[in-house]
Amino acid sequence: MGTPRTLFEKVWSAHEVVPETPETPAVLFIDLHLTHEVTTPQAFTVLRERGLKVRRPDLTIATMDHATPTRTEQVFGGAPISIESAAQQIRQLERNCADFGIELLGLQDSRRGIVHIIGPELGLTRPGSTIVCGDSHTSTHGAFGALAFGIGTTEVSHVLATQCLLQKKPRTCAIEVAGRLGAGVTPKDLILAIIGKVGVAGGTGQVFEYRGEAIRAMSMEQRMTVCNMSIEGGARAGMIAPDDTTYAYLADRPRSPKGAAWESALARWRELPSDAGARYDRTVEIDASALEPMVTWGTNPGMVAPITGSVPDQRGDPVIDAALKYMGLQAGAAIQDTPVNVVFVGSCTNGRLSDLRAAAAVLRGRKVARGVHMLVVPGSQEVKRAAEAEGLDEVFRSAGAEWRESGCSMCLGMNGDTVPKGEYAVSTSNRNFEGRQGIGARTLLASPETAAASAVRGRVADPREFLNG
Amino acid sequence: MQAISAIRSRTVVMPSTNIDTDQIIPGRFLTTTTREGLGKQLFADWRYDAAGAPNPDFVLNKPGSAGCRILVAGRNIGCGSSREHAPWALLDYGFQAVVSSGIADIFRNNSLKNGLLPVVVDEATHAWLLANPGVEVEIDLATATLRRPGAEPVPFPIDPFARHCLMHGVDELGFLLSQDAAIKTYEARRPA
Ligand code: SF4
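Quick mapping for you: the protein sequence lines, in order, are chains V and L. Letter by letter, the first sequence follows residues 751 to 1219 in our numbering. Letter by letter, the second sequence follows residues -13 to 178 in our numbering.
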């Protein structure tokens, strides 16, 4: 028997084309390259300038999500896209994919959606694989036991041209989650609590591996929510060992291996979980059963408090003072006194079917409070169809919320879906940075349950008060 | 990419911690399809008011900041989005190095690939630099040290390969392309 190895080490070493030396980083092979309209144009320019081809178009797929419209008439009705530069970027991706032979799930494709939602949905995301995208939330795919991380546009050009990246081996951090989450407490609350604990730079240079009872009990969609926000804790990647939940999710997906290929893949995947006694560079422990729903009060995802708590009172700390000034919140104020103007349910963090179901369960038979604008944006066209088949769109509409076509939308406001200046938005997305959802927008990150409860009440609300009732 | 050996400049100081890439260049500017000309959008929401006029309180709009090529920032600059537009905007504006006590991973990578030097110094040096804006600093890549007035040079970590590329103006894509034989061998044994 060799030395016990972690999940990360197994995936890393299986992809070393050339191992790391003291002088040179490792050359790492990439199994799946996801691309979208925003972070690729300049990479294709590099290929053109140097007369290069895409080495493995078969391992590359493109979609559009960040700058795309969510209004049906602009997606399907031929109405002009509100932002001309976004329309141009979309056309440029179409041209680049045609010129370089890359499969594109374009604006009107029924399989289009946020890149991190459609990868798993199509069965492209697989255990033990390496996955990159010019997008930091590529960490989402780690939920399947993949090593998945975000890269910059220069690296996108490297992968397009060589299907490889130059990488230095990161360190590992085990996040041991004991116990089970209580009723009304969600994976989003868990990951916000983890970020609050490790800090927004706590995972720099590390790959997280989420472990423990609470993680094993989660569905794949829930695991994706956790891995998605690894980057908010500073880690480039977060991983979860594959298990029967993973295999059941992947079986029969459109692009999953079939027949004998499935059987041999499954045999390989079963070898992936970290060996007993494998060593991590660091371990963080958290008790899931002690958690409450969590809401951010500041301008980064680590500025987070339990919903029954209050805005911290640490006057004199310049970082906190600046955050509270931007947020227009008072030190010591109860979190649940925060007013709400906008509620956004969507994004690659919480834009999957189970998230929409959770929000709809709170809204069913209730109304969005007067003066609150609620926007529900499914993470993909597939999620949209499935939600409509269950009548969730009707629940949202009759509560007074807007129901749109899929995309990133108000998560980053590139397509014109923005939060007005100074307004408070309870958002199921992943970043509450200044101006992220629009100039001067004030974002409070929370779960879909908390977002829906807050929409009903018109100020931040504890979703547990809306359960069973 | 141009070869870099040393950078000498006065500093601009932005002491906030966790300056994320959404601040360095807001998302609404990412519909661009080129990497040029992003300097005017650098720190747009801090630098300009709602009407587009320069905000006189923002450090880059102060007269002493003109021509400074070294940005000293609070811990964990560059966190958040992987947008390479952040180093592109900093470079286009005129910065050549970012100094902090901690720099987020993807931003650091993206910076290295574009010739923007990410320099992580110890806490004491960092605190001194934050407290002394506008001092003349020299960043020497050959020795991987930062010199400031009245103190010994302090070392900063830099990956030897990245340093080689920066000092010789070598781009990593050329190196990767030269690995073609090894990539072919790997592809041949890779499970389908
Ligand atoms: S939903 Fe938000 S975080 Fe996710 S990929 Fe889109 S912009 Fe990025």
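Because the hints were derived from the structure by calculation, they are not lab data. The reader is advised that the hints may include incorrect statements.
[To be verified] Restricting the straight-line Cα-Cα distance to at most 30 Å, the calculated cross-link-like pairs of lysine-lysine (DSS-like) are:
1. L:Lys170 to V:Lys918
2. V:Lys1171 to L:Lys170
3. L:Lys170 to V:Lys803
4. V:Lys918 to L:Lys48
5. L:Lys48 to V:Lys1171
6. V:Lys919 to V:Lys947
7. L:Lys48 to V:Lys919
8. L:Lys170 to V:Lys1075
9. L:Lys26 to V:Lys1008
10. L:Lys170 to V:Lys760
>> Would the hint linking L:Lys170 and V:Lys760 be met if the CA-CA limit is 30 Å?
In response: holds, 21 Å
> Are the Cα atoms of L:Lys170 and V:Lys1075 separated by 30 Å or less?
Replying inline: Violated: L:Lys170 and V:Lys1075 sit about 56 Å apart, past 30 Å.
>> Would the hint linking V:Lys919 and V:Lys947 be met if the CA-CA limit is 30 Å?
In response: Holds, at about 24 Å.
> Given the hinted pair L:Lys48 and V:Lys919, is their alpha-carbon gap at most 30 Å?
Replying inline: It is violated: about 42 Å lies between the C-alpha atoms, which goes past 30 Å.
> Is the straight-line distance between the alpha-carbon of V:Lys1171 and that of L:Lys170 30 Å or less?
Replying inline: violated, 53 Å
> Within 30 Å, alpha carbon to alpha carbon, are V:Lys918 and L:Lys48?
Replying inline: Not OK: V:Lys918 and L:Lys48 at ~39 Å, beyond 30 Å, violated.
> For the pair supplied as a hint, L:Lys48 and V:Lys1171, is the alpha-carbon distance within the 30 Å limit?
Replying inline: holds, 26 Å
> Is L:Lys170 within 30 Å of V:Lys918, Cα to Cα?
Replying inline: Roughly 21 Å separates the two Cα atoms, so the pair holds.
>> For a C-alpha distance cap of 30 Å, please report whether L:Lys26 and V:Lys1008 respect it.
In response: violated, 52 Å
> Can the restraint linking L:Lys170 and V:Lys803 be considered satisfied, given a maximum Cα separation of 30 Å?
Replying inline: holds, 16 Å
In this structure, the hints that do not hold are numbers 2, 4, 7, 8, 9, in rising order.
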